[in-house]
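Q: Here is what each chain is made of, one letter per residue.
There are 2 protein chains.
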Amino acid sequence: MSTDQTERETGSQFLPKFDDKGLLSAVVQDADSGAILMVAFMDQEAVDATLNTGIAHFHSRSRGTLWKKGETSGNTLQVEQILVDCDQDALVLRCLPAGPTCHTGAVSCFYRRLEDGILQPVKS
Amino acid sequence: MSTDQTERETGSQFLPKFDDKGLLSAVVQDADSGAILMVAFMDQEAVDATLNTGIAHFHSRSRGTLWKKGETSGNTLQVEQILVDCDQDALVLRCLPAGPTCHTGAVSCFYRRLEDGILQPVKS
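These protein sequence lines map, in sequence, to chains W and P.
Counting from 34, one number per residue, gives the positions in the first sequence under the working numbering.
Counting from 34, one number per residue, gives the positions in the second sequence under the working numbering.
Because identical chains cannot be distinguished in the list, a pair is counted as satisfied if it fits within a single copy or across any two copies.
List time: in silico DMTMM-like cross-link candidates among lysine to aspartate or glutamate, alpha-carbon distance up to 25 Å:
1) K156 with D120
2) K50 with E148
3) K54 with D76
4) K50 with E40
5) K101 with D65
6) K50 with D37
7) K50 with D81
Hints listed in this document are in silico derivations from the structure and should not be mistaken for laboratory results.
On a predicted model such as this, the values are computed, not experimentally measured, just so you know.
I would like the entire structure built from these sequences, with the hints used as guidance.
A: See the structure below:
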């Protein structure tokens, strides 16, 4: 294992590992309920904006720009804790949401479960 | 909103939306504790293998191949439930892990938190 990889996995330095598009995965988890609210991507700019403001920012792959979640709807995500995975290419943002996280109005984007090949509503 | 998008967001059809590399995001959550154990990617082959076996399979971006989690270590993930997000480009696999999920031996790959710019161990 390279020194870089050892430091990344066992060290205390935050060395986020972005992919060839400059992105890493970000999972938003409700800090109170533990429910997974959404999954998105962050680039360095989104990581910096999130750390600087305490409000979750992502990189919109469709628009190719910085995306402050809730900028229009007001349904922002206040970041309580950030967890970092072994190889530092994924983050969990434990958040307090100001309102429904999903643009559909659902509390979580994960409002359906797959059962026997069919999507069914999840009780929330 | 296009018919395709409406069906994808509100319908009961499973229409997984893969990106330009043929991948979608997959988050593994412990079905009992709600802890997030790992984040990876799936292609159509990994989705099919997971649905056919009930054991989590992913696509290894580094090796470019199908990856049955735990094939070597024995630390497989038994899938109890699959949640699908609004635009069907992310899945949550609620799993019962056979052992530690992380290759480091940690229960979860998310064994560190970011605090004041420094990574600190998370109590598990």
